[in-house]
Each structure stands twice: as structure tokens, then as C-alpha cells.
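Can you make the complete structure from the sequences, with help from the hints?
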Amino acid sequence: MSGKKLKVIHYLNQFFGQIGGEDKADIGFMVKTGPIGPGLALQKALGDQADVIATVICGDNYFSKNPEQAGEEGLRLIEPYHPDLFFAGPAFAAGRYGIACGAICKAVGEKFGIPVVTGMYQENPGVDLYRKYAYICKTGNSARDTTESINHMIKLTFKLVSGEKGAHLVSRENLPKPEEYGYFSRIILRNEYTDKTAAERSVDKLLAKLLDKQFESEVVLPKFEKIPPPPPVKNLNTCEIVLVSDGGLVPRGNPDRLSGRGNLRWTTYEIDTFLPESFKSTDYEIAHTGYFPVQILEDPNRLVPADVMRDLIKEGKVGKLHPSFFSTSGNATVSRRCAEMGDEMGAEIKKRGVEAVILTST
Amino acid sequence: MKLEIQSIDIQDLKPESKTYSKDRVLYVNSKELEEILLKDRRIKSVNIHFVYPGDRVRIVNLMDVVQPRCKIDKVEADFPGFIGKMQPAGSGRTRSLRGITVLVSNPGTNRKYSALLDMSGLVAEMSRYARMRHLCIVPTISEGTEERDFEDAVKIAGLKTAVYLARGAEGHPVDEVEIYELDIPSLNKKSNLPRVAYYYQLYSPQHDHIGISDPCFYGTDVRNLTPTIIHPNEVLDGGVVGAHTIRALDTYTIQNHGIIKELYHRHGKDLIFAGVVCGVANMEPVTRSRQAMMAANLVKNVLGADGVVLTKIHGGLPHVDLAMVAEECEKLGVKTAIFIQPLISYGTLADTLLFNAEAVNLIITVGATMERINIPLDAERFLGGTADTKIYCPDPIVQHAGDPVLDVEQFLIAGVHDHLGGAKIIVKEY
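In order, the protein sequences belong to chains B and E. Just so we're aligned, residue 2 is where the first sequence starts under my numbering, counting upward by one. Just so we're aligned, residue 434 is where the second sequence starts under my numbering, counting upward by one.
It is worth saying that the hints were derived from the structure and are not from the lab. Check before you lean on any hint, since a few could be wrong.
Here are the simulated distance ranges between beta carbons [what the hints assert, rightly or not]:
no.: 1; chain 1: B; residue 1: K156; chain 2: E; residue 2: D828; range: 51 to 61 Å
no.: 2; chain 1: E; residue 1: S624; chain 2: B; residue 2: E345; range: 50 to 60 Å
no.: 3; chain 1: E; residue 1: Q444; chain 2: B; residue 2: K224; range: 52 to 62 Å
Glycine residues also receive a C-beta, built at the ideal position from the N, C-alpha and C atoms.
Below you can see the structure in the form of C-alpha cells.
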């Protein structure tokens, strides 16, 4: 790091911000100049390389009632400072505080693209909610660990801003190893260099498995949740149905930029204009490299059966076709993102008051 | 079956009026090589380039990388079915040149997944090939030749070049001799060591260019192969070559097969190498279950294996196929170690599995070959194409070889990943 001191903002709850205990948990946001409470340890660990210029404080109840909104509110207070680094907590095992630290880290990180670092105990609900958006250092479950946790957060932060090449990664990105720097992985995968070839590892581990010794799989099997089917639709003839497909059907030019493989996006198109009765097959393309799309490009109704739905409505068998079609591309997309997209679509569909969904795949 | 590989470490590659080698330098008469390659009428012309580590050059439209090798004690035995006569590969003596390769580029390719290699910059840090010297051949198509015919011609030209270079080292002192000997019919049945087989998924037809499979096995394609037993030496010695695109797998990688070499290395010490079953990925479900059943049965009841390592070809469909073979093996009591390739860098490792089989509980991450990387342009020259050659990106982005930064998946860079386990790469959660 060169001469210029980095500007640091620190987030604390009402307790660590020295406003008060549980009785002050409903208090809104405030900003104080310089470090406070654990911020003093933070400043000490940062040394002369960075200054904690302000501390943002908010009550746990106030924040956790609506974390996303509170995150935005906090962000507005932080914006004028243009920080180089942002710290929150550590929150240890405190659930509401953990959520607040995670949410504000998310807001600040997305806005400024700067390192956002917090600390939590493994069982803090903030870990799973926000690990994707922040570097969350592993801490003990109580404030006894403050100094150690903060030192740990600083070590990680200095590594992040060092601009060093990550020689341990095929990509050479400066991403510290989670186990070495003690943070919860951010749910991304990276190719890492290792001492042994995959061939050596596989034979070593297989021999252990054959000899009934302990062996460690490089991937732990997932536990899939059983999803009970919803009750059947009572009255189809009055029911509104939406069409959803992961076949990657998009207008020519792919304006919403769905990816043909490993896609993480979904979008909607208005059936009336997107797939009218007199469609032109040249108006479409398929953002999906996992199947031969010729038949669908000939007639997109083969993937998104708007034609059949129109017939059924005319026949009085179905009440209504929802005017939007939900489109995504499901090809080598991980189940986690599929589930998230399902949740997002489900929430939107529910909001629109649609009663049933027909999902078509390839 | 006994194979002796005599390796010579070549430290430099130079153009000369005669092809020969001396003091670890291989001198190459490109004119003579060109004449050999032009005997194939499908090829109109061929450009031959010498490529060195540190050159500010980007090679595009790469379809294969081949280690120079030739048979010493047999005639017409090199890459049987491709250039040699039909005879089993894998026995006798083979000369192998280390430190150099043949880079094979098809400048007129219409395939989206053509690979690239830079000899300097970030790519050079990543690719094992960037530390080697290369003879790069770039054939052009002669009039009236069909696209797929020409691809086969380019492939074969690469193999012929590899043989030509290895022959050029005749008489040079040998640096290392490796013996690969496995007499499968008389394997020690009484040994207490576990018997370990290898299941080799050879090919997947899912990316067949204009619907035609690439020849990769004794001169033929294997699209409809039912699982079969082969000798591991056949793989090491030219019976199997790479497909017509490099997707983390090329002929060089197969010639230096990670798993086969490892099983040989441990044979008689930690395990008994029980042999190789090969099969392919399948496009439809009934075939898939039939092949999984047959492959597992060969592993268990013909090779008599206690355990099996399974490797896959690039892609999602092969992932499903391979898991089904593994599941069938476990059902028969054969313990498995299965290679997987996470297809996307989003999520946890568990999220990337395309199967749900409790018994398949030993999973090796061979590399997230589709991990994205931005590669800045360091090259000043382009071989096998131009600065305008299109480079594939799964996002709807059109990019060209001469762009200041390319957004690519790592499998498009030759010499980074290795589906056969030879690379020291593991996938971790970050």
C-alpha cells in the first residue's frame, strides 16, 4: 500500500456503539466521528495505514425489522465519506446484529465495490444470508474474542487490498484461501493449485475406501429437500395459468442477455407481442446450448404452448392465460441458483395473483 | 502386453535444411515435412511455424496438441487406423520427445469451441504448453473438400508431423526409459492387494459438429460404442487420440494419461491394475442405462475389480452418464472414485453435482474447466487465424482474438486442465 491513508467506516449496533442495551434496540441510525468501542481495537490493528473516520450506529430491532431497507438507509449516511474499506461488527453469535452487519456490508459492497468485512460465529443466521456479499470472518460466540477477531479481520483486509497476485489460483485472482484466512466461503468456486494431481488423489482416496479406512471426498453429497406438491387446482375453468420455461426462448437479439450455458438470469415477455397467433419464426432465438433447437425455432409453441392454452380457453376448460411468459435458460446452471430463481419467480407469480404454473423444459 | 517408452528431452527446436537431432536440439526441415503433409489432397497448403516460450504470439483455432512419438521396432504402427496399418497399439518400443509438441490449427474451422494458446502473458502462466517449444502446423483446405473431411485431414496431418519429428531424433541418446507392462490374462489372482480398474469415458456426441462424430479410436468414431475392454497401453501408444476440439483434452494429454500412469505406478505395490473399460456418453436414456449396466458388469465380473476410478469427458451430459456407471458399479459392490467437473463457479461444490446417489460418495474435482477468466492481450502475432478470429463466450458477447481483453472459459485454453487427472488442480469453495 502506498502513502495515502485508507478511509474506513465502521458499523456497530446500539450496544457496541455505546448507546445502550436492549432498551435502545429500536433506535434508528446515527453517525459518530472516529472509532468507538471495538472501533478502537480496529483502529489499533489498522495502525497508520488507515483511519476509522466515522462509526455508523443503529439499533438491532430497527435494523432487523427490514434489513434491506435499513441497509439502504445506512448506505445514504455512508456515501458522503467515499470509504476505501468498510467494517461491520464483529457480531459474534448475536442474530439480529449479524443480519444488520451482513445487510449493510452488502449495500456498501455493491455500491462502492470496496472490501466489506465483518465477523460472525458460525451459527449466526447472518452467515448464510450474507456470506455471498461480504467477507465474514469466523469468530467465537462472544465479545471475549473481540481483539482476536478484529486482528483476524484486518489480516484478511490487508491481504484483499494488497494487490498481490493469487499464485494459488489458476485465475491468479487475489482471493485469499478461506481456511487460511478464516472466513466463510462466499459460495463461489475456484480452481486451486494443489500438490497432487487429480489422478494421485483419486487413487489415494480409493485405496483408503477399499481398505475401509477414512477417506475424504472432495465434494460432500448434497441433501436434497423433499418438496411436497401443492394441492391440485380446484376450478381450472376460472383459473389463471402462467407459462414458465427454462428452454431459453428469447426474442432475436437476446435483449435480456440470457446465457446459453450457466445462465443465472430470468426474464418475462408479454405473450401477446412475444408469441402471437401469427408469429414469425425468424423473430426468435434460443439461449441454450444444451439441445438442438431446430424444432422449437420452427414453432416456439412447441416449447411454450401458448397455442394450446388459447384453444383450451376458447373451449372453456381454462380460465385465463397470464399475459406474461417467464423465460430462463437451464443448462448447467447449479441447483442453488435454480432454486433461487424459482423463489424469485414464485414470489412474482404469487404477487400477480396467478393460481397455477405450467413449466416446460427441453 | 509390454510397452517401452524411450524419452528424449529436447531443449530446442530449429529450422534447418535437414531433419535430425543433436545435443537435445531438434533441427527440422519444414520443406520436407510440408511435402509429406501435402500428399493428402484434401490439404491445399500448410504453414509451418516455430513457436517458443515467451514469443508474443497467440495461436487460435487449435484443434489438437500432439507429443512427437514414433514406433521404433514396428513398421506402419504409428497411430494405427489413423496413419498406421490396423494393428494393436501398445507393445514394442516407442520414441517420445519431451519438451516439444505439435500444435495443430484449423484456420477455417466453424466450430465454436476452438482452443487458443498464448506463449506470453497470463495464459502462458497458466498453460503447461507455454513452457514448451512447438512446431505449429496450419493447413488450408483444397477446393472441393468437404468441411468434415478436411478436419480429419488436419487431425491426421498433426499425427504425421508428430511421427516425423520423433523419427528425426533417431540415434539421439535416450534420457529415460519407462516400461509399461501388464499381462492381464495372468494377473496375480491371489494377491491381497485390491484390484483397481479404470473406466474411461472416451467421447460424448453432444457437440458433434454438423451431426458427425470425431474419429478418436483406431481411426473411427465411437458414438455407438458399447462398453468394451481395452489394454491401457493401447491408450498410451496411439490407439486413442483427442477429438477435433480441445476441451481440456487433447492427444498429448491422452499419450500421457494421468490415471493410467498412476495405476501403473502403483501396480504391484498398493494395488493390482485390473485393466480398462471404455465407454461413451449417450444421448438417450435407455442407451445410457444399458451402457451403465454393461460397463459395471465388465468392471466387476470380467475384470474382477474391487475398485474403479472413473473419468469423464467435458460437459454436463457426460457427468450424468458417468454417475450412472458409478452407481451401477457400487450396486455390484465395486467401490468407486468418480471425477467430476463443476460446470459453473456459482454455488457450493455440492450444488454442482448432477446426480443424487448416496453410494457414489468419493468424488474428485478434476477442475472447474468452465471457470471464466479475463485474458489481456499480450500477443503481437496470431497463428492459425487472425486478430479477427472469433473466440467463444457463453454469454451473448461477440469477441475476437485481437480484442484487448478476452472473456473465456478455461477449457478453451490449451494445456490448463486435464480431464484424465494429470493436472495439479482441485476445486475449492471461496
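Now the hints, each set against the structure:
{"no.": "1", "hint": "B:K156 - E:D828: 51 to 61 Å", "verdict": "violated, 36 Å"}
{"no.": "2", "hint": "E:S624 - B:E345: 50 to 60 Å", "verdict": "holds, 57 Å"}
{"no.": "3", "hint": "E:Q444 - B:K224: 52 to 62 Å", "verdict": "holds, 54 Å"}
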